[in-house]
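Going down the list, the sequences are from chains A and B. Each residue of the first sequence is one higher than the last, beginning at 16 in the working numbering. Each residue of the second sequence is one higher than the last, beginning at 250 in the working numbering.
The set of hints was computed from the structure by calculation and includes no laboratory data. A few of these clues could be false.
Each computed DSS-like pair below joins lysine-lysine, with the alpha-carbon atoms no more than 27 Å apart [said to hold, decoys possible]:
(1) B/K356 - A/K405
(2) A/K405 - A/K361
(3) B/K422 - B/K433
(4) A/K405 - B/K422
(5) B/K433 - A/K361
Read off the chains here:
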Amino acid sequence: MTPASSTASAAHGASGGPPPADDPASPPPLRKLYRSAEGRMLGGVARGLAGHLGLPVSWVRIVFVALVVTHGLGVLLYAGFWFVVPLGTGGVDATRKTGPAPRPGPRLAATGEGVTGEGDRGHRGTGGSGRGGTGKARLRVRKPDKGQLFAVLALLVCAGVLAENLQFGQINTYLWPVLLIGLGVVLVWRQADDARRSHWAAVSRRRGLLPIARSAAGVVLVAAGVSGIVLVQGSARYLGPVLQAALAVLVGVALLAGPYLVRMMQDLSEERLMRIRAQERAEVAAHVHDSVLHTLTLIQRNADDAREVARLARAQERELRNWLYKPQGDGKDENEKPRTLAEAVKATAAEVEDHHGVPIEVVCVGDCPLDERLDAQIQAAREAMVNAAKYGGEGGAVQVFAEVEGRTVFVSVRDRGPGFDLDSVPGDRMGVRESVIGRMQRHGGTARLRSSPGEGTEVELEMERAAQS
Amino acid sequence: MVLVDDHRMFRAGVQAEIGRTESTGVDVVGEAGDVEQAVSVITATRPEVVLLDVHLPGGGGVEVLRRSASMMSGADSPVRFLALSVSDAAEDVIGVIRGGARGYVTKTITGADLVDAIFRVSDGDAVFSPRLAGFVLDAFASTDAPPVDEDLDRLTQREREVLRLIARGYAYKEVAKQLFISVKTVESHVSAVLRKLQLSNRHELTRWAAARRLV
Numbered sequence: 016m017t018p019a020s021s022t023a024s025a026a027h028g029a030s031g032g033p034p035p036a037d038d039p040a041s042p043p044p045l046r047k048l049y050r051s052a053e054g055r056m057l058g059g060v061a062r063g064l065a066g067h068l069g070l071p072v073s074w075v076r077i078v079f080v081a082l083v084v085t086h087g088l089g090v091l092l093y094a095g096f097w098f099v100v101p102l103g104t105g106g107v108d109a110t111r112k113t114g115p116a117p118r119p120g121p122r123l124a125a126t127g128e129g130v131t132g133e134g135d136r137g138h139r140g141t142g143g144s145g146r147g148g149t150g151k152a153r154l155r156v157r158k159p160d161k162g163q164l165f166a167v168l169a170l171l172v173c174a175g176v177l178a179e180n181l182q183f184g185q186i187n188t189y190l191w192p193v194l195l196i197g198l199g200v201v202l203v204w205r206q207a208d209d210a211r212r213s214h215w216a217a218v219s220r221r222r223g224l225l226p227i228a229r230s231a232a233g234v235v236l237v238a239a240g241v242s243g244i245v246l247v248q249g250s251a252r253y254l255g256p257v258l259q260a261a262l263a264v265l266v267g268v269a270l271l272a273g274p275y276l277v278r279m280m281q282d283l284s285e286e287r288l289m290r291i292r293a294q295e296r297a298e299v300a301a302h303v304h305d306s307v308l309h310t311l312t313l314i315q316r317n318a319d320d321a322r323e324v325a326r327l328a329r330a331q332e333r334e335l336r337n338w339l340y341k342p343q344g345d346g347k348d349e350n351e352k353p354r355t356l357a358e359a360v361k362a363t364a365a366e367v368e369d370h371h372g373v374p375i376e377v378v379c380v381g382d383c384p385l386d387e388r389l390d391a392q393i394q395a396a397r398e399a400m401v402n403a404a405k406y407g408g409e410g411g412a413v414q415v416f417a418e419v420e421g422r423t424v425f426v427s428v429r430d431r432g433p434g435f436d437l438d439s440v441p442g443d444r445m446g447v448r449e450s451v452i453g454r455m456q457r458h459g460g461t462a463r464l465r466s467s468p469g470e471g472t473e474v475e476l477e478m479e480r481a482a483q484s
Numbered sequence: 250m251v252l253v254d255d256h257r258m259f260r261a262g263v264q265a266e267i268g269r270t271e272s273t274g275v276d277v278v279g280e281a282g283d284v285e286q287a288v289s290v291i292t293a294t295r296p297e298v299v300l301l302d303v304h305l306p307g308g309g310g311v312e313v314l315r316r317s318a319s320m321m322s323g324a325d326s327p328v329r330f331l332a333l334s335v336s337d338a339a340e341d342v343i344g345v346i347r348g349g350a351r352g353y354v355t356k357t358i359t360g361a362d363l364v365d366a367i368f369r370v371s372d373g374d375a376v377f378s379p380r381l382a383g384f385v386l387d388a389f390a391s392t393d394a395p396p397v398d399e400d401l402d403r404l405t406q407r408e409r410e411v412l413r414l415i416a417r418g419y420a421y422k423e424v425a426k427q428l429f430i431s432v433k434t435v436e437s438h439v440s441a442v443l444r445k446l447q448l449s450n451r452h453e454l455t456r457w458a459a460a461r462r463l464v
């Protein structure tokens, strides 16, 4: 199996989950059974089953417990599900309870699918070192599930115990060892599940003591249980030599297969790295194609219209900067509502720039969250920018400066246009008087306007912000 | 002066715009496209001013500054650097200024302004773009923490006023007019700010810089 196809299956598993069943007209989609990663008690089997069957979780749990009483069948079933069914997100939630009752056919198919998926994972389990969760769904790589081996082991043991129980009814002698083994296996599996889930969720993995302690405790418990069974069978004398021999065999196998395994592991992680790189490259290429190439085409088409060309170039420059320099910027959230003053000023400037085709240079010092008064100030600043762009745009870029100092927020808008004589502006001109000065005064701020012919115009807006934060 | 930029097209553009010595007074004596070239050209020609791109193959403008440090302080004819960049990212700008550049302008600057800036730098003055003034104000933003070195770690009221006006887009001449001081005084204020920026190890500045992944 190629790594690419394994990623595909992993991605399917990660992003899948039963599609919403709100369309009764379409044929019922193949629903896949997942174990639930949220709100689970052990492996999430009951919760996943409940989500799949459309039943309350408690019912499923009760059925499992009831089955445990009848010769431990419940444990066996639970372990089987845990082993076979992949971990998914979701489980029981309100929207999915309304889904149609599953029919036996699809459900069998679904379980079968789960088994093949597991086969994939078993193969991958030999390789991945579990690095490089990049937070993108496509790149999510599952951590190899070391619990799988234990799962097989425990299944065999459980089956053997069950068969023996049915035949001879010697429950008492084996009860404690089996309990120990079961407990250990549960611990180890739970640990493996958690590791995988945290990997999916791209949570920064804490390499604390707790996970290791949990795994170790599980292993010790299982070992104790197995030894117990051996003891009960009366071969205590040989326990020491047997353990030594087993250890020797394990070491031998590790020595023989070790280099090969390490090599394979390295190859796989290298391959994955290449894949991630290729994917990132593709993403960058897609972005460049979507934005830059399109803009260049537009510019060529509008080559005669200098103003339009400048506008396009500025808009593209802004977007590209946003994409390049924002910490995790996707560069496409210009439509999102800004939350802080600096963001708001920049967004407003970008808007005016787009609309009037005059470059606006923004300098921000300090930042603070927006409040109602600052919203008004931004509106006033916007009006000032529009005026500057309209009447003063020929003189070069409009300069916008925003500063937060303590509780005072200061914004200035300056253009290098022809300027005008303040007294010559008629009193009924709405623009400056109403929307800039009036707006600021209504919200408790001040606005000053400075202009003289030949030296451009500057609007200063000052506002006390509501609360210190 | 020497022009250092890794984009041939940009070098040609600047050359065409300001390189006509008789009209602009600027004489381009050398060009370079990467750090190695830049250092050797600068060493060979000893220009008055180096127009230095922040982003260069081989370590960036900061590397050029580091390797030319001895020439900057030369007594007879010091080489002065004017940083030039498209990036406008705070870490790049403050990085080159702390590396020893005497000023910073963006590549969108007009030819006339660039010539003006070059002469200003060659006279030993500092050149602050509005953007750089904003960064500096941000970096020296008043906090309650006591300064380690009173002289270096705090901008005077006057320096803040000057920077604020520059950030608002005022030319030096306009700043002078606004504050009723001479252009020379404005220049000395800006140079003082530049010195503080380069020498201060005030912890806000370093923290500010660290937050933007420099130092």
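- Message: Need the list of violated hint numbers for this structure, in ascending order.
- Response: Violated: hint 5 alone.
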